[in-house]
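With the hints as constraints, model all of the structure from the sequences given.
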Amino acid sequence: MKPIKWNLVLALLLIGSFTAQAQITGKPNFGKIAIVDATIHTVTKGTIENGVIRLDGEKIEYVGTDRSKVSDEYYIISASGKHVYPGFMDSGTSLGLVEVSAVAVTVDNREVGNMNPNMLAFTAFNPHSVSIPVTRVSGVTHVITAPQGGLVSGQAALMDLWGYSPDSMVIDVTAGMVLNWPTIRSRGRGPRNLEQAEKRYKEAIKNLNKWLDNARFYQQMMSEYDADASGKIKPEKNQQLQSMRALVEGETPLIIAVSSEKDILNAIEWASHEDNISLNIVFAGVEEGWRVAEQIAKAGIPCLVSTLYTPVRPYDHIHRPYENPSALMRAGVKVAIMTGEVENVRNLPFNAGYAAAYGMGTEEAIKAVTINPAEIFGVSNLLGSLEEGKQANLFISSGDPFEPLSQIEQVFIKGYQIPMDSRHTQLFEEFLDRDATQE
Amino acid sequence: MKNIVNTLLLLVIFSIVSLAQEKGSVFIQNATLMTITDGIIENGDVLIIDGVITGIGTNLSAPLGVKVVNGSGKYVMPGIIDAHSHLNTVSTNEARNPVTAEVTMEESINPNSVSIYRAIAGGVTSIHLMHGSANVIGGQGETLKLRYGVSQDEMRFRNAKRTIKFALGENPTRVHGQGNGIQPRTRMGVEQIIRSHFDEALDYKKKREAYLETKKVYEGDRRGRIVPPVPVAKNLRYDVLNDIIDGEILVHCHSYRADEILMLMRVFNDYGIKNYTFQHANEAFKVAPEIAKNGAYTSVFADWWAYKFEVYYSTAYNATILNENGVTNSINSDSNELIRHLNHEAAKTVRYGETSEADALKMITINPAMQLGIDKMVGSLEVGKHGDIAIWSGHPLSIYSKVQQTYIDGKKYFDMLTDPADMRIAVDSNDSYAEAEFNTFIKGREEDACMSDVFELIQH
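Just so you know, the sequences run in chain order A and B. Counting with the numbering used here, you get residues 1 to 439 for the letters of the first sequence. Counting with the numbering used here, you get residues 1001 to 1460 for the letters of the second sequence.
Do not rely on the hints blindly, as some may be mistaken.
To be verified - Keeping only pairs whose Cα atoms sit at most 30 Å apart, straight-line, the calculated DSS-like set for lysine-lysine is:
| no. | chain 1 | residue 1 | chain 2 | residue 2 |
| --- | --- | --- | --- | --- |
| 1 | A | K202 | B | K1293 |
| 2 | A | K199 | A | K262 |
| 3 | B | K1443 | A | K210 |
These aren't lab readings, by the way, just hints derived from the structure by calculation. Remember, it's a predicted structure, so these values are computed and weren't measured experimentally.
Dropping the structure here:
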């Protein structure tokens, strides 16, 4: 591939935006690309000043300081004074499942029913959602997109944010099973008294345990049949139990949405039961995690948390939400930062920025949106750091990416140098000087 | 008798004391001063005496006895002003009529809400407490100083202009048209509700004034030859509408789409109404030249969009486009979470469109002050203005900076180093800690806070 004449590309892009109204973005650059003179934040292998990073197709082929690794055939991007980071991953969103939250017909993240282990976020993921380009130009290259509602909502998918089909964007179709932990609450629309609330809680847990027992039995029966079918009648397929096989084997994580101290302790106790030890459990939300950080650490359960919410209890310290990630981290919990957003997943760097400012530090907070979620979801061989052999997901920033004053200048997803436009930038270009005419 | 006199005397003294809005003095030395209206002063000093800024500059000195704060390495900026908040309302919407101009937030201030403390901890010193957006013409607003720990009345910002909330688009049409089967169900209806009520109000004014005039003549008629006039009863709602037309009340209009923004400007031009602000105004950028031409203001979210249909075709570059087109714009919160870091929300205007840092800071200080008619008193560090300031650990637009102290009228209301965790004034037995949505980790949003109290109504 020849080096690209950028002013030509820009001109083409501009023409494109006048002629092809349906097209949201221009075409990406792909192939042999090298970024030089940059400060490279590898995350796992330190920071390299005046660094070189070479992309060959989808992969990172070289990270270091040796300019001789870059021959003439590479399209060279000089990033002097700039910073290169691995693409950020948001481990809690409904991106692509919801277009406009208040318009019910565009909301595809909440299926009817209480037990929906067979629902796949992957299926409803709309690769053409207007929110996707808006998100990726902020440096967020990967999301866990999750269903909601009921006791078991369904399975979250791990998606990257460049492509024209869910199939070309998916990293893991079954990245995690979402369980909304039954809460003991006797307020609001719930039961009237504590006794009734506890009764309901016990029923919900009993129901959950029954499902898991059935799934284990089903898994055993199916594996035995698969291993040796001779002399056996083929068991009848059950869609829900079938979708729980990887879960009970501990291959698919169980993402438990849990918030309050009491619920977290209940969930830990449940997780520690011998029947459930084989499960790969991850907590999400965990707003009161700081109250029981030691217990969570002892149970070895990683947490997906955000920072931009109001203090949970009226008497909580004002900085609690910001300090929750660092409190968990210090206790020894593996922490990933998430937004819980749909259209504003682009605020992930700012969620992490608050964690960084309130005890976590920038370096650890960067990990919490890169290598930590990659490890939690078992994809650290592919994502989460700038290392040779990993997928080329990265971005060039003018400075600290947590600072709103920095600009995210260029994003790469699986090697594609993606066009840095979205509906938001297009409207900006069109309306900044609305009544201008062609020169 | 003597006892009664004593009691009365005590009551009078008590009422004077409790009415007084406490003022303080403080001298902050060697800080970086973000004056807003006069650039940045390095190694600057701010002197506040009895609640008023009396000195800004370098190498100032303070009278004996005034508390000195070492500001070296720190930043001082005027207190943040939020032009759109429902922070501590008792109730937000009187949603049973499309026009409720007579309703006011004056009696709907909860002075004990801990959310006030959380806001001053984010450097906010004043808010515009607003009625919700269920009605085309909602209730009157109240501009507050966030003096935490005082009475309802003492929270009010003295000499602030009167304000009122209008609302266009989805919210009033959903509540009244879809919810209750009355006008407005459409944006057509919204316009006619405004026009017909203004006309009725003007008509009422004419008749009421004529009646009062005739009444005066009748009462002055000693010979009893004049027939008594038919009374025209006083109507509070129409009085307020006339005050709007007369320019005594500033309109803050909840709006999203460009076409409805144009509609309101047409209507207001017809009735000679000036000095108004479009709130939210997600599509204001599409008609920025028209807004600038009419001298209207805008007050927008930094980046909220797509949560409902009327904000789907919007952009986070809205504030920058408006600013570049000469519109006086502010960044507001409309949220008890965003109000905790409005500095960061303003900083997003630099990220989205490279608004200058100076203009970004104006959008949370002097610009909202102009929109509330309090810019002669607050919104910048200027001699003669109120001592409403915040001291920051670093540049206020950096995500790493924290508010260290907040002063209102020179009195310290927040100190990061000494305040305990529990800052409630009153313990409410109804306090549940379910403020956050629990046990679901995808939060998202479907509404602006303007719609609280009305969900029950629109369910039916």
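Taking the hints in turn, this is what the structure says about them:
1. K202/A with K1293/B: violated, 64 Å
2. K199/A with K262/A: holds, 16 Å
3. K1443/B with K210/A: The given pair, whose Cα atoms are some 29 Å apart, holds under the 30 Å limit.
In the structure shown, a violation is registered for the earlier hint numbered 1 alone.
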